[in-house]
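S.K.: Each chain is listed here by its residues.
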Amino acid sequence: MLQINNLYAAVTGKKILNGITLTVNPGEVHAVMGPNGSGKSTLAQILAGHPAYEILDGEIIYEGQNLIALEAEKRSQAGLFLAFQYPVEIPGVSNSYFLKTGLNEIRKSRGEQPLDAMEFLKLIREKMKLVEMNESFINRPVNHGYSGGEKKRNEILQMAVLEPKLAILDETDSGLDIDALKVVANGVNKLRSKDRSMIVVTHYQRLLNYIVPDFVHVLMNGRIVKSGGKELALELEAFGYDKIKEEFVNGVNA
Amino acid sequence: MNQELDLKTSLTEKIKLQFKKFSENGVVSEPNWLKEYRNLGCTNFEKLGFPTQSDEEWKYTNISPVIKSEFNLTGLKSDSINLSKSDFSKYIISNSYTFVFVNGQFVSSLSVVPNEEGIEVASIKEIIKTNPEILEKYIGKVIELENNSFASLNSTFFTDGIFIQVNESKKLSKPIEILYLSVNENNSPRITHPRNCIIVKKNGMLDFTEHYVSLNSNKNLTNVVTELFLEENTKCNHIKIQNEVNKAFHFGNTAISQKATSEFFTFSFSLGGLISRNQIILNLDGEKSNSNMNGLYISTSNQLHDNHTLINHKTPKCNSRELYKGILYDESKSVFNGKVYVHSIAQKTDSKQTNKNLLLSENATIDTKPQLEIFADDVKCTHGGTVGGIDVNSLFYMKSRGISTKSAEALIALGFASEVTETIENLDLRKYVDTLIVDRLEKSYGNISLPIIAHSS
Ligand SMILES: Nc1ncnc2c1ncn2[C@@H]1O[C@H](COP(=O)(O)OP(=O)(O)OP(=O)(O)O)[C@@H](O)[C@H]1O
Ligand SMILES: [Mg+2]
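So the sequences go chain by chain: R and C.
The working numbering numbers the first residue of the first sequence as 94 and each following residue consecutively.
The working numbering numbers the first residue of the second sequence as 235 and each following residue consecutively.
None of these hints come from the bench; they were simulated from the model.
Ideal Cβ positions, reconstructed from N, Cα and C, are used throughout, including at glycine.
What follows is a set of in silico ranges between Cβ atoms, one per label pair, in the way DEER data are often shown:
#, chain 1, residue 1, chain 2, residue 2, range
1, R, E219, C, K603, 50 to 56 Å
2, C, T657, R, R218, 26 to 32 Å
3, R, E147, C, T639, 17 to 23 Å
4, C, E419, R, R203, 50 to 56 Å
5, C, K522, R, Q206, 56 to 62 Å
6, C, S595, R, R218, 37 to 43 Å
7, C, E360, R, R200, 58 to 64 Å
8, C, E350, R, Q206, 49 to 55 Å
Could you put the whole structure together from the sequences, leaning on the hints where they help?
M.R.: Put into structure tokens, the structure is as follows:
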């Protein structure tokens with residue numbers, strides 16, 4: 094599904110990713126953890142196609158095609174989805190119209206008929222139930238004036254409507270209360286399937302109790318310094334990043 | 235400079251001659267005060283000529299294409315144009331009374347006029363004949379001709395327009411739309427000087443729209459003056475839509491006097507025309523009056539939209555809010571010059587002025603100048619402006635949801651505009667304005683089927 098080979102990237106001349114290699118197969122859930130500023134969001138934004146990041150070296154192959162050459166909307170149309178760590182506010186544009194435009198452009202790119210207003214309304218209502226969002230959000234402007242948790246829920250709503258093949262969740266759990274966390278995790282789990290993959294960026298093991306990952310990776314200074322199974326997250330929770338840092342430094346020196 | 239002087243001399247001769255002809259042509263029977271007023275306008279214009287860019291107030295607005303057009307300044311022309319309602323039905327706003335003017339002249343057979351108790355509405359032409367005394371009390375009482383070439387010209391030559399008087403504590407059951415249609419059937423450029431006089435007596439209410447459109451693509455010039463008198467405790471909503479053809483020139487002067495505890499809302503939408511300028515002078519003449527002055531301009535190709543506003547805080551405890559937004563494409567140009575003037579006795583003034591511009595082409599220019607002049611010490615006044623392109627993060631966010639760059643830009647522009655159109659209280663009007671915006675954006679972005687803006691509450 095996704096193959097990242099030896100990826101180096103910079104923003105405004107500053108190197109942030111220093112050789113990332115990661116393979117995600119269909120149906121797998123990968124958790125990415127790591128200290129603040131280690132490059133997790135940078136990786137996520139690069140995968141989604143943010144134009145500010147400069148790829149210095151390496152490649153990203155998504156379903157057999159060179160992802161780097163695709164504009165962000167083409168990536169989305171190809172089934173890639175990023176739930177933003179900081180969702181963007183778009184004043185004056187209603188949530189439903191925003192999402193309907195996106196969904197219909199995606200459908201069009203696949204040669205499918207666009208949904209009309211009634212069909213879309215039915216769909217969005219159904220998905221709102223899934224993420225337990227109040228229907229008033231249908232007509233509210235995108236993320237504008239939402240609370241932190243509402244914004245995160247809205248990201249999951251978008252994911253549920255767009256039904257991506259590869260979803261990247263960047264700290265969707267941050268800022269959520271415990272009930273909301275369960276709702277969001279439930280929304281994510283409903284979407285899990287044998288041909289859908291996920292990359293879940295998080296600081297907390299708690300989320301991984303609900304969304305159980307197949308792999309856990311630790312990102313530090315723009316590199317994956319350790320990978321393991323779900324028990325790695327527990328280890329991190331118990332010992333923090335210092336132990337891994339030591340191991341890594343020793344490992345490199347040895 | 236010499237050339238400028240020469241031009242002015244010939245213009246002076248021209249207007250003298252044309253005024254003489256105009257006076258012989260039928261205003262002989264007018265009351266003396268009106269003749270004197272026209273004389274005043276003419277003398278003023280002779281003195282001023284057309285404004286040039288050396289005039290600070292016209293620094294960014296070059297009207298030489300207007301001067302070169304050699305209009306017959308009187309606006310008098312004897313052509314008869316026969317229209318039927320279907321020729322302009324798309325300009326009719328639902329659930330409104332409609333006053334239709336064709337080339338500046340009221341046509342009662344095309345209009346739907348109210349017949350409600352307590353409201354006097356008639357064409358200016360008719361009022362001059364039937365009740366000039368009432369006009370004498372108001373004409374020229376809030377608009378100042380000094381230093382105002384176009385208002386002077388209007389005052390010299392106006393023949394028609396709308397007169398509305400809402401009597402004490404009255405209100406109409408529906409808003410009024412005043413539809414000014416330009417239909418220039420031969421190619422010689424034509425000028426019209428509509429004159430509107432609107433009075434809302436104590437505790438009265440009025441909703442009205444001035445709507446300027448062209449029915450064909452010939453060149454014309456609209457030079458309108460609207461005077462509004464809002465007495466104590468009145469409420470008035472005023473919308474102005476300028477959607478004339480891309481060859482047209484439009485000069486608008488609106489002057490308002492607001493008495494104590496009155497509430498005024500105005501929204502000015504500049505969409506059409508080649509060169510268009512709206513000048514609004516709002517006088518807060520009574521304590522605790524409230525004003526909202528909003529505007530939107532969408533400028534494309536080589537259009538020039540100029541908005542000059544002055545909010546005159548002359549009494550204590552008044553509020554004013556001003557929000558103008560602009561979207562600029564291509565080689566268009568916009569000017570925003572907004573002044574808030576707080577007189578020394580206007581303590582406890584609360585005023586906020588904002589001008590935001592979305593610049594969507596490297597070749598478009600905006601000259602924005604918000605100004606505050608405060609002579610009182612206990613006031614709360616802010617002003618500010620922004621000029622910028624599409625925010626990269628907003629664009630990326632939309633693209634990451636599968637939306638193409640073109641649609642994303644169009645949606646962001648639409649969202650940008652909606653902050654100001656949302657302030658239109660009347661839903662029929664808001665919908666009408668929204669449709670105009672969507673149509674215009676679709677022209678710029680191709681067929682991407684934009685929605686009618688969803689309004690947040
Ligand atoms: N657009 C940018 N301009 C300048 N610096 C940037 C930009 N984007 C990221 N950075 C820098 O790159 C580094 C990595 O940032 P990134 O957001 O990827 O970290 P992160 O691992 O997601 O951290 P967190 O856990 O706090 O979300 C940080 O030092 C950040 O300041
Ligand atoms: Mg981050």
